[in-house]
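Asks: Okay, here's what each chain looks like letter by letter:
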Amino acid sequence: MFFLSLIEHTLRLPPHLLDLPLNEAIKGELESLFLDKVLANLGLCISVYDIRSIDGGFVFPGDGASTYTVEFRLVMFRPFVGEIITAKLKESDANGLQLSLGFFDDIYIPVHLMPNPCHCEPDPENKSQVIWIWDYQEQKFPIDGLDEIRFQVQSVSYPPIPVEQPKESKPFAPMMIMGSLDYDGLGPVSWW
Amino acid sequence: MKIKKANAGALTNFEVLDFLRSRGAAKDPTRVIAPIAASEFKVYDYLVESAACNQTRESINELLEKCKKYDLAKAEILNIINIRPASPVEIDPIIEESEKRMGEGIEDLIEMVITVLPPPPNQMNTEEEVVAGDEEIADGEQTTTETTTTTMATEN
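If you read the sequences in order, they're chains A and B.
Counting in the UniProt record's numbering, the first sequence runs from 1 upward without gaps.
Counting in the UniProt record's numbering, the second sequence runs from 1 upward without gaps.
Treat the hints loosely; a few may be bogus.
Below, a list of computed lysine-lysine pairs in the DSSO-like style, where the Cα atoms sit at most 27 Å apart [as the list claims (entries may be wrong)]:
1) K100/B / K74/B
2) K2/B / K37/A
3) K42/B / K27/A
4) K42/B / K66/B
5) K5/B / K27/A
6) K90/A / K37/A
7) K5/B / K74/B
8) K37/A / K5/B
9) K42/B / K27/B
10) K27/B / K88/A
11) K100/B / K27/A
12) K37/A / K4/B
13) K2/B / K27/A
14) K88/A / K42/B
15) K27/A / K4/B
16) K42/B / K68/B
17) K37/A / K42/B
18) K4/B / K68/B
19) K37/A / K88/A
20) K90/A / K42/B
21) K69/B / K100/B
22) K27/A / K37/A
23) K27/B / K90/A
24) K27/B / K37/A
Derived by calculation from the structure, the hints in this document are not laboratory data.
Make a model of the complete structure from these sequences and hints.
Replies: Listed below in structure tokens is the structure:
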């Protein structure tokens, strides 16, 4: 689920941080720049693992801040295809399920990757939601939000940033994971 | 920004949890004081509920050693460490073509995983019910031996 990525970045350190020890100041700047942000094809940045080297410290003319070239490693969340992950159900509608990991919410299970055969029924409690039920050997197994759901990662995509978005559409998701429940051992943990 | 190495090494859930813990993350109210961002705490919360929360470095090294004879791919071993499967049906999505490649070996693999890696907290509830019956019998036997030793001590 997690990988380390080695990144080199030219960092401008604002002068109000001059009283901090260099390591801490650089770490703070890196965290505010990268933490909880998605980097294309690298994944979601979870944390700064360590700082390998700090170079430079030059002050460019006309600028009050010093610039450093820092080499560091980031802990990235980037599941690989075929990985099994346990997540909680967030929403369930006619297009499929949406699962959440707490720190990452854009996990979708589309209808064609649900266990075959299954059908959906309108949820009695919540008008906009729908309950998916798996019909297996004449027994019904509903996917309710009670326990965690295990899914296999099918693909990870990074849609490009849209220039314009119609109002009231979902906020833009820079990283989307498509998952599948269509295999033995996948689905809510209580099923197995 | 230049990406020098997009993949400088895979991390198991346990390693990320250990890293966050070493920086001061915890479940109790000392959260506000620890130098950990709120987004990192969300990751910590997720990992603490998963199978990684009571693993140790030694148990993972032991599992890696013992997995060598099964000729598993690196991704499969990573999945096993992160999920801690406890039955053949859980191994099925993890190892491709498990019957063809391993056949009988699946049972041994699961036995080994269960003994080497500690169970996660939510799985422990179901396992405790099975073990509690045995423990009650053992306790009864222990108390009888204890009384005999104390009587012997007073005699001496």
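Asks: If a hint holds in the structure, say so; if it does not, say that too.
Replies: Each hint, compared with the structure:
1. K100/B / K74/B: holds (18 Å)
2. K2/B / K37/A: holds (16 Å)
3. K42/B / K27/A: This hinted pair holds, its Cα atoms lying about 20 Å apart.
4. K42/B / K66/B: Between K42/B and K66/B the Cα gap is close to 33 Å, so the pair fails against 27 Å, i.e. violated.
5. K5/B / K27/A: Holds, at about 19 Å.
6. K90/A / K37/A: Holds - the C-alpha atoms of K37/A and K90/A are around 21 Å apart, at most 27 Å.
7. K5/B / K74/B: Roughly 19 Å separates the two Cα atoms, so the pair holds.
8. K37/A / K5/B: holds (18 Å)
9. K42/B / K27/B: holds (11 Å)
10. K27/B / K88/A: holds (20 Å)
11. K100/B / K27/A: violated (49 Å)
12. K37/A / K4/B: holds (18 Å)
13. K2/B / K27/A: Judged against 27 Å, a Cα distance of about 17 Å means the pair holds.
14. K88/A / K42/B: holds (14 Å)
15. K27/A / K4/B: Between K27/A and K4/B the Cα gap is close to 18 Å, so the pair holds against 27 Å.
16. K42/B / K68/B: violated (34 Å)
17. K37/A / K42/B: The given pair, whose Cα atoms are some 14 Å apart, holds under the 27 Å limit.
18. K4/B / K68/B: violated (31 Å)
19. K37/A / K88/A: Given that 27 Å is the threshold and the Cα spacing comes to 22 Å, the pair holds.
20. K90/A / K42/B: Holds: K90/A and K42/B sit about 16 Å apart, inside 27 Å.
21. K69/B / K100/B: holds (16 Å)
22. K27/A / K37/A: holds (16 Å)
23. K27/B / K90/A: Measuring from Cα to Cα gives roughly 23 Å; hence the hint holds.
24. K27/B / K37/A: Holds. K27/B to K37/A sits at ~24 Å (cutoff 27 Å).
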